[in-house]
Each structure stands twice: as C-alpha cells, then as structure tokens.
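Chains A and W, in that order, give the protein sequences.
Heads up: the first sequence begins at 1 in the UniProt record's numbering, then just goes up one per residue.
Heads up: the second sequence begins at 1 in the UniProt record's numbering, then just goes up one per residue.
Since the hints were derived computationally from the structure, they do not count as laboratory data.
Incorrect hints may have been included.
What the hints assert, rightly or not - Covered by chain A, per the in silico footprint, the following chain W stretches (three or more residues, Cβ under 8 Å):
no.: 1; stretch: 27-40
no.: 2; stretch: 53-61
no.: 3; stretch: 332-344
Unchecked claim - Straight-line Cα separation of at most 27 Å, DSS-like style, residue types lysine-lysine; simulated pairs:
no.: 4; chain 1: A; residue 1: LYS187; chain 2: W; residue 2: LYS53
no.: 5; chain 1: A; residue 1: LYS297; chain 2: W; residue 2: LYS297
no.: 6; chain 1: A; residue 1: LYS430; chain 2: W; residue 2: LYS297
no.: 7; chain 1: W; residue 1: LYS53; chain 2: W; residue 2: LYS240
no.: 8; chain 1: W; residue 1: LYS187; chain 2: A; residue 2: LYS429
no.: 9; chain 1: A; residue 1: LYS240; chain 2: W; residue 2: LYS214
no.: 10; chain 1: A; residue 1: LYS445; chain 2: A; residue 2: LYS430
no.: 11; chain 1: W; residue 1: LYS8; chain 2: A; residue 2: LYS187
no.: 12; chain 1: W; residue 1: LYS445; chain 2: A; residue 2: LYS187
no.: 13; chain 1: A; residue 1: LYS448; chain 2: W; residue 2: LYS448
no.: 14; chain 1: A; residue 1: LYS297; chain 2: W; residue 2: LYS397
no.: 15; chain 1: W; residue 1: LYS8; chain 2: A; residue 2: LYS53
no.: 16; chain 1: W; residue 1: LYS297; chain 2: W; residue 2: LYS266
no.: 17; chain 1: W; residue 1: LYS448; chain 2: A; residue 2: LYS445
no.: 18; chain 1: A; residue 1: LYS445; chain 2: W; residue 2: LYS187
We put the beta carbon where it would ideally sit given N, CA and C, even for glycine.
Number of protein chains: 2
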Amino acid sequence: MKPSTDLKVLFAELADCLDERDLHQDVPPAHLHDWSDERAGQPLALVTPRSTKQVSDVMAVCARHSIPVVPQGGLSGLAGGAVPSEGCLLLSLARMNAIEELDSAVGTMRVQAGAVLQTIQEQAESEGWMFALDLGARGSCQIGGNIATNAGGNRVIRYGVMRDLVLGLEVVLADGQVLDLMQSMKKNNTGLDLRQLFIGSEGTLGIITRAVLKLSPGVGGANTALIAFANYDQGLQFLKQAQTAFSGHVSAFELMWPDYYQFALKTLGRPDQFDRDYGYYLLFDVQSSHPEQDYPKFEQLMADAFENGTVENAVLASSERETEELWQLRDCVSEILSINAPTINFDVSVSLNRIGDFADQLKATLDERFPNLITLFFGHVGDGNLHLVAGPVQGGKEMEHAIESEVYRITRDFSGSVSAEHGIGLHKKKWLSHSRSEAELALMKSVKQAVDPQGLLNPGKIMD
Amino acid sequence: MKPSTDLKVLFAELADCLDERDLHQDVPPAHLHDWSDERAGQPLALVTPRSTKQVSDVMAVCARHSIPVVPQGGLSGLAGGAVPSEGCLLLSLARMNAIEELDSAVGTMRVQAGAVLQTIQEQAESEGWMFALDLGARGSCQIGGNIATNAGGNRVIRYGVMRDLVLGLEVVLADGQVLDLMQSMKKNNTGLDLRQLFIGSEGTLGIITRAVLKLSPGVGGANTALIAFANYDQGLQFLKQAQTAFSGHVSAFELMWPDYYQFALKTLGRPDQFDRDYGYYLLFDVQSSHPEQDYPKFEQLMADAFENGTVENAVLASSERETEELWQLRDCVSEILSINAPTINFDVSVSLNRIGDFADQLKATLDERFPNLITLFFGHVGDGNLHLVAGPVQGGKEMEHAIESEVYRITRDFSGSVSAEHGIGLHKKKWLSHSRSEAELALMKSVKQAVDPQGLLNPGKIMD
Numbered sequence: 001m002k003p004s005t006d007l008k009v010l011f012a013e014l015a016d017c018l019d020e021r022d023l024h025q026d027v028p029p030a031h032l033h034d035w036s037d038e039r040a041g042q043p044l045a046l047v048t049p050r051s052t053k054q055v056s057d058v059m060a061v062c063a064r065h066s067i068p069v070v071p072q073g074g075l076s077g078l079a080g081g082a083v084p085s086e087g088c089l090l091l092s093l094a095r096m097n098a099i100e101e102l103d104s105a106v107g108t109m110r111v112q113a114g115a116v117l118q119t120i121q122e123q124a125e126s127e128g129w130m131f132a133l134d135l136g137a138r139g140s141c142q143i144g145g146n147i148a149t150n151a152g153g154n155r156v157i158r159y160g161v162m163r164d165l166v167l168g169l170e171v172v173l174a175d176g177q178v179l180d181l182m183q184s185m186k187k188n189n190t191g192l193d194l195r196q197l198f199i200g201s202e203g204t205l206g207i208i209t210r211a212v213l214k215l216s217p218g219v220g221g222a223n224t225a226l227i228a229f230a231n232y233d234q235g236l237q238f239l240k241q242a243q244t245a246f247s248g249h250v251s252a253f254e255l256m257w258p259d260y261y262q263f264a265l266k267t268l269g270r271p272d273q274f275d276r277d278y279g280y281y282l283l284f285d286v287q288s289s290h291p292e293q294d295y296p297k298f299e300q301l302m303a304d305a306f307e308n309g310t311v312e313n314a315v316l317a318s319s320e321r322e323t324e325e326l327w328q329l330r331d332c333v334s335e336i337l338s339i340n341a342p343t344i345n346f347d348v349s350v351s352l353n354r355i356g357d358f359a360d361q362l363k364a365t366l367d368e369r370f371p372n373l374i375t376l377f378f379g380h381v382g383d384g385n386l387h388l389v390a391g392p393v394q395g396g397k398e399m400e401h402a403i404e405s406e407v408y409r410i411t412r413d414f415s416g417s418v419s420a421e422h423g424i425g426l427h428k429k430k431w432l433s434h435s436r437s438e439a440e441l442a443l444m445k446s447v448k449q450a451v452d453p454q455g456l457l458n459p460g461k462i463m464d
Numbered sequence: 001m002k003p004s005t006d007l008k009v010l011f012a013e014l015a016d017c018l019d020e021r022d023l024h025q026d027v028p029p030a031h032l033h034d035w036s037d038e039r040a041g042q043p044l045a046l047v048t049p050r051s052t053k054q055v056s057d058v059m060a061v062c063a064r065h066s067i068p069v070v071p072q073g074g075l076s077g078l079a080g081g082a083v084p085s086e087g088c089l090l091l092s093l094a095r096m097n098a099i100e101e102l103d104s105a106v107g108t109m110r111v112q113a114g115a116v117l118q119t120i121q122e123q124a125e126s127e128g129w130m131f132a133l134d135l136g137a138r139g140s141c142q143i144g145g146n147i148a149t150n151a152g153g154n155r156v157i158r159y160g161v162m163r164d165l166v167l168g169l170e171v172v173l174a175d176g177q178v179l180d181l182m183q184s185m186k187k188n189n190t191g192l193d194l195r196q197l198f199i200g201s202e203g204t205l206g207i208i209t210r211a212v213l214k215l216s217p218g219v220g221g222a223n224t225a226l227i228a229f230a231n232y233d234q235g236l237q238f239l240k241q242a243q244t245a246f247s248g249h250v251s252a253f254e255l256m257w258p259d260y261y262q263f264a265l266k267t268l269g270r271p272d273q274f275d276r277d278y279g280y281y282l283l284f285d286v287q288s289s290h291p292e293q294d295y296p297k298f299e300q301l302m303a304d305a306f307e308n309g310t311v312e313n314a315v316l317a318s319s320e321r322e323t324e325e326l327w328q329l330r331d332c333v334s335e336i337l338s339i340n341a342p343t344i345n346f347d348v349s350v351s352l353n354r355i356g357d358f359a360d361q362l363k364a365t366l367d368e369r370f371p372n373l374i375t376l377f378f379g380h381v382g383d384g385n386l387h388l389v390a391g392p393v394q395g396g397k398e399m400e401h402a403i404e405s406e407v408y409r410i411t412r413d414f415s416g417s418v419s420a421e422h423g424i425g426l427h428k429k430k431w432l433s434h435s436r437s438e439a440e441l442a443l444m445k446s447v448k449q450a451v452d453p454q455g456l457l458n459p460g461k462i463m464d
C-alpha cells in the first residue's frame, strides 16, 4: 500500500466499482484458507465482482494505491495458492459463474471464471459432449482456478491437462487492462501465445475472468480391468501394448503398489480377488462411445498380454457393478487418509521409465528413517505422476519437514517435479529449487516483473 | 552492433567459439531466403555450431558486441521468419542433427534442434512408434524450426500442434545462458511453464538447441472415405457424429469446396466418382492399429449418417490403391499451384462453425473485385483451418496487396487468425494487428523486452 493511501478513500473508491453487497470489509472465515493448512496474513477486505468490467475497475483502483490482490476460486487448492497475504484485497470470482454459451455443433463452451467444474461437466454432458477435466474437488473448484493452476486429475492420460483444454481466455492485468484472448480456434500462430503465460501461473500474472473451453465427444462407458504384474517393467510394456491396440485411447492407468492395494482391500472390508500376492496392481480402463463394440479388442489385448507374459493375472469387469467395485480400490483414498491421519501427501512426477525405481528408493529411505510410518504408493502412473500418502505423522511440523526433505531430495535426484499437479502456492515454495534451476527462476522473475511491474498480483506465491 | 566493435575482433572471437569450418564469412546463397520470397538484409556471416556449448559461446560474443542473431532451421518457412536481417549473424542449427535417444519403452525421443522431421518420423516408426507432426516440408524442415514456429500440418485434428508434442526443451538465451528444460514429464506444475514461451516465438526469445519429443503409438492403416455434402452444416454434423463414434479419433477431415474439387479432378485427369455436383467434398480418414477391426464401426457410421441425412453421397476406399487415389485429390495442391502460377496462398483460421460463411464471403468478395482470378478453397477444416489458393496474380505486388487486404479484412471481421499455422515472420507483420489487439501487442513487447533486453534475437520478425 502507498504510504499516502487512506483506507477510507480506498474503500470508497472500491465501493464505486461494485454493488454495495460485493464489498466485504468483514471477510468470511471461509476465505482465509484453502484445503491445505497454509496460513499467510490478514486481508484488508474481500470483493466479489460480478463482471469483467468490475474486476478491471477494482484492479485499476488497487494499482493506483499499490494494494496487493489475491484472486480466489473455489479454494479447494492443496498448496495455499489462494490464501490471503497480509494487507491484500481478496478478489473472489464466485459471483461470475455463468455458462455463457455452449456451441453444441462444434463442441466449445464459453464460461465465466467462477463456474464450478461439475456444473460445466453436467452442461456438456446434457448436449452429448464431455468436458474432460475431472478431479475430486469437482463440486467446489472453479474453472478459473483450474486454469490458473493448470489442473490435472483423473483423465490426463487420455485428454491432457487443463492447458490442453483451453481455447480462449480473458484476463485482467494488474493495471486493470482487459486482455481479450477469447478465441475458439485450435490453430493460431500470430506471435506469442499469451494464453500460455496465464495458464498455470497461479494468479501471479493476471486474473482469469472468462474462458472458451474445448469439449470432447461424450463416452458411453468403459472396458475396465484389474491387472496384476510381477514387476514395474511389465507394467510399462503393457501400457505400450494397450496404447498401441487402442491407438492412444487408454483412459485410466492407475498403478497401486502392494501396501496400498492391501490397505484399500482392508479399508473396503473385501477379500483379495487374486489368490496370491503380486508386485503391482493396475486399474485399467478404456472409455469409448460403445464399449461393447470394443470388448473383443479389449479381450484380445488381455489375451495377447497373457500370452507374451506381460501380465500375471487379471480380472475383467463384466458389469457396471463390477466396474464400480474395481474403481473403489482407487477411490477409497479419502478413507485411507482419515484412518492414517494425520497424513502427509505427496504429488510428484518423474520420467515414466523411472517411477518403479523412484518409488522403491522413496520407500526404502522412509522405512529406514521412520519405521512406524505407513507409506502407501499409487498414482496416475500413465502420466508419470506418483502419489504417496504417509502417516500417521505424530511428530508435528518437524517430522513433516523431515519427511518432505527426504522425498523432495530423492525427487531432485531423479530430475523429477516436486509438484506434478497441485502447484507451488506457499506450501512448496521452499522446495521449488529442487525442480527448477537458478536460470529458470531468474527468467520467471523477469517475466513476472514485465507483466506485473508493481508485484501486486498474488504476492509471495510460487516465489518471493 | 556497438560502434566500438571491430569486425576483425568479432570474427576472431567467433572463431574461438567454433571449428574453423563452421564460421562462414561468405554466406552460401541458400541461407539468404526461405520458401517464401521475403528478403530482408545482408548478413555479416553464417555460423554452423555443433553443440549447445558452441551456440552459447557464440551468443555470449554477440551479446557483448550487440550483434543481432537470426537462427535458421531447414528454411522451409513460408513467412520469412528465418531470412537474414541487415548486419546479423546467421546461426544455422543444421550441424546439430543428432537423435540422441529414443526411449522405446515409454515413447519419448531426445533430439538436437537440427534433426530433420522425416528422420525423426522414420526413427520413431522403426521402433513401433509414430512422431505425429507431419507436413509437406518433412524432408527438409528441422524440428527446432517446427518448434519455433509451432508447426501444424496434416495430423493436428488427432494429435494437436507441435506445442502438444514437446515434453522438454533446451534453449540458449540472448546472453548465452543455457536454459535446461529437458524434462520428459507430462505433468509438472512448478511455477511458470517456460517451455511455452519459446514454442511458437519464431526465434525471437531464444535459440532452441534440443528437445524431448512425445511419440504416439504407431498405426497400422486407416479407413478412408470421400464424402459429399449439400451444405456446410451437414459437414459439421458429420464431424460431431464421427468424433463421437470414434471417441475423438478422426485423423483427417479435409474439406474441399467444389471449385477446388473439380480443379483437382481435372489436374489428375480423372472422372468424378459422383454422378452429380455437391456443395462440399470431404476427405475423411480414421487411422488405427488394426483398421480392419474398425471397419464395421466405420461402415456403421456411414450408414447412420446416410440414414439421418447428414451425408449426401460417399465413396469408401476398399484397398490401399483406392485410399491413395482419394488422397491424391488433396495432395495435388503443388501441381494446382504451378498451373495457376503466380499464386497467392492463404492460411487462415476462424471458429469452426463460421468457416462455411467465411469462405462464402471471401469468394464473393474476390470474385467481384478480381473476376479473372481463380480462387480455390480447401483446408484442415476439422482444425478450423482454411487454405485459399488464388491465381494467377498477374498484377504483381500491388495486386497481391489488394487481395491480401480483402482476405485479411474479412478474416478480422470474423475474429479469425491471419496465420493459422505458418507464423508471422516478415510476411504477415503488417496484418498482425488484424488478429491481435493493441493490449496483446504491448504485452508481447514487454515479454520480449524482459527475455531479450538488447533485442538481438531475430530482430524485426513478428513485430518491430
């Protein structure tokens, strides 16, 4: 804030930009945190604008008074990317939640940033399309936040990350300028692709106010199997065979390590469907418009994989109920988290061909150093993304830090990413340099300086 | 160049960075132009470094003396993006053409920037994979240039543009710093995705020296058809039906307008396979690992489309020879170009649902203003990409400019892109503002200034 700024004047100017009910000097507690336990500072106030014009006007006021602004979506983030910093204005996009247009002929959707993911999915489905982004927080996360964090989730192996699903963007810059990139073209090579700057920038370069989304053809169902491997290499070989057979159409490749698999069975109170233990378990799924048409191909793939020794054992789901039961093995994570609470959860990625060794090394290191810690490994391995749940963490922040140090050190040794999908926010700032070089950090800072010279947008997130 | 720079000193310093044979003070004429007829200025010299270290050293020397540098790939560009500017050093990546590694287990390839596209494709194929980028210049274009221009081409509808096929990048910045972004992870949300800055920046932000490419599963063949529609909306409806039936696996959707179709038949000396004229002709193709397995689905799609009136007529290829003959209709463009020479060729895009009207308006305007001009429309319409060939252009540069003015004015009216895939380079600079706003151009300039403060990299390209 400028030394000359009088808070009364500031609030009067903000009030001129907005409806009275949209300037909240008492900030509701729900806006002080996200789904992580990160805390930062006390905000000045919260605004809930209803249009791009209002966002732009608010930003112009803030720029004039050098007031930092923290944009907020559904606040379901896990990295503290949207929690208030001291003395900031919180700007929630929640009131801008309209689905402005669904073009059913070509499969595009124009939405405001505050539209909730699940609403977007349902609208698409009602017109025979699918919006492919999907994640656990679908009922509360907002598309603006999904874009700002380049969300990943359940369908990346087939449809890519959020970046791959954005056609157009509207962004309000730190000085209040509106950048209209609301195109719906797949191909547009006219200079720098500025959309890419803002996707995944966690609100540090601009405030995303609207977007044009790419829809995918709707699917009718899936062929699903639970598959057992003896070793990681078999899993990789099977992935290649499956992607070749289905021309890249594998829609889930969720690998589970034995400890996780056994824990999931116990949690669900279910017997093992296999008569012996294996090295790896895979939830495997190929969606299509008419899964029954694809069943022979699916069966053929499994038969071939048996014959050439790629898979050790498999259970093919033969009804919707069986499919659901298989998916519960992967979807019971939240129950596993509560049983092992307090847990610490990791979201890391390394090259696909090194995940087996990477998990082995993580496990050996953590088992040795923290013998009472239960460590469960699973993940969207088709995307190179490994999740690790470790708990119960009885030793408080100090033990958390010790576990993080080990995990991120090994991640660095494997040239991996300390954040595959959750972003950096506040939570992973101290580990960022494990994945990004000095030169990269310096260039990020130059870009930030160029786009937001006063450093007003989401200060202290990603980097200082 | 700094006033204090002595050319002898400069050349001596460059000679210290390179093998003697890689500093060419007599620039071979092939390096003075690309496949367009754009000309800019006389270069100082050409260097052909053999390693990232050499590129870095050369850049450091140039930064010290403020010498502009123009990076060159295969010089098959159509926009003058790599032609010399006055007093520049040309830096060709041609000697850095190694394929460093193909990881066949996971489908990634590590290459140097000078590797030729076709070589990369063939290497991938020899291991059961496919590198999905494909374009006419495949035999001479280099992957570094493909990345720098975010190339499109023949398979975008299914596999996306070059941006979608890059996993990792190595870039030398204007000051000689090497930026190592050579990751192979699909998911990595650790701050700004710097790779995106350089892809499509036409060499104005950094020199791409190496890349990690994403490979796709190999295909065994395709089901192909030539389809006739009465109107554009039928085409759009068929696209939706086909994408739904094949879950997004349509691999070619090349629409031809009647004038083009008839011209192609005449050029190939072939009778029409249909017994009457139609409004639109489509070359339609679905590749897969085992096309024969997919044939029933393909036939079913066509039967359904007939029944619900989406298509008017169709010819299904029933042999490789027939498939080839259908593709010749689209591949004879180069012959059409010579017959109508001198031609002027456009590469524009608008929203998919407006291409029909867009082409109608272009045709009506050009027919009225240039009654003797033959205008042929066709394109990767599944990507929103329309190509227009107009010729013969007998009135020289003045007539060219008049035609361009009309075409780009209408493109702007349709909120379209003046360059869907070819880039801006020198050729389309004057039309850039038809597709990008003042605010966008200002932001591009800020980013350029932040990344290349001396403005040494490919000066005068995209923008001044």
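Hints and how they fare:
For the stretch 27-40 of chain W, the stated coverage by chain A is violated: 0 residues have a C-beta nearer than 8 Å to a C-beta of that chain, whereas at least 3 were required. For a cut-off of 8 Å, the count of residues in the stretch 53-61 of chain W with a CB near a CB of chain A stands at 0, and the three-residue condition is violated. As drawn, the stretch 332-344 of chain W meets chain A at 0 residues by the rule of a beta-carbon pair under 8 Å; below three, the given contact is violated. Distance hint between LYS187/A and LYS53/W is unfulfilled; the C-alpha atoms sit about 34 Å from each other, more than 27 Å.
Distance restraint check for LYS297/A and LYS297/W: the Cα-Cα separation of roughly 13 Å lies within the 27 Å cut-off, and the hinted pair is therefore satisfied. The suggested pairing of LYS430/A with LYS297/W is violated, with an alpha-carbon distance near 53 Å, which exceeds 27 Å. Taken as a hint, the LYS53/W and LYS240/W pair is broken in the structure, with Cα atoms around 49 Å apart against an allowance of 27 Å. A C-alpha spacing of about 18 Å is found between LYS187/W and LYS429/A, which places the hinted pair at or below 27 Å, so the restraint holds.
With a C-alpha separation of about 13 Å, the suggested pairing of LYS240/A with LYS214/W holds against the 27 Å cut-off. Our distance criterion of 27 Å between C-alpha atoms is met by LYS445/A and LYS430/A, whose separation comes to about 16 Å. In summary, the hint linking LYS8/W to LYS187/A is not supported, as the alpha carbons are separated by about 45 Å, beyond the 27 Å threshold. Proximity of LYS445/W to LYS187/A is assessed by CA-CA distance (about 22 Å); at most 27 Å being required, the pair is judged to hold.
Taking the CA atoms of LYS448/A and LYS448/W, the gap is near 13 Å; set against the 27 Å cutoff, the hint holds. A C-alpha spacing of about 57 Å is found between LYS297/A and LYS397/W, which places the hinted pair above 27 Å, so the restraint is violated. This hinted pair does not check out: LYS8/W and LYS53/A have alpha carbons roughly 58 Å apart, beyond 27 Å. Distance check on the hinted pair: LYS297/W and LYS266/W sit about 33 Å apart at the alpha-carbon level, beyond 27 Å; violated.
For a cut-off of 27 Å, the pair hint linking LYS448/W to LYS445/A stands: about 14 Å separates their Cα positions. Using a Cα cut-off of 27 Å, the hinted pair LYS445/A and LYS187/W holds, with the two alpha carbons roughly 22 Å apart.
Checked against the numbered hints given earlier, this structure breaks hints 1, 2, 3, 4, 6, 7, 11, 14, 15 and 16; the rest are met.
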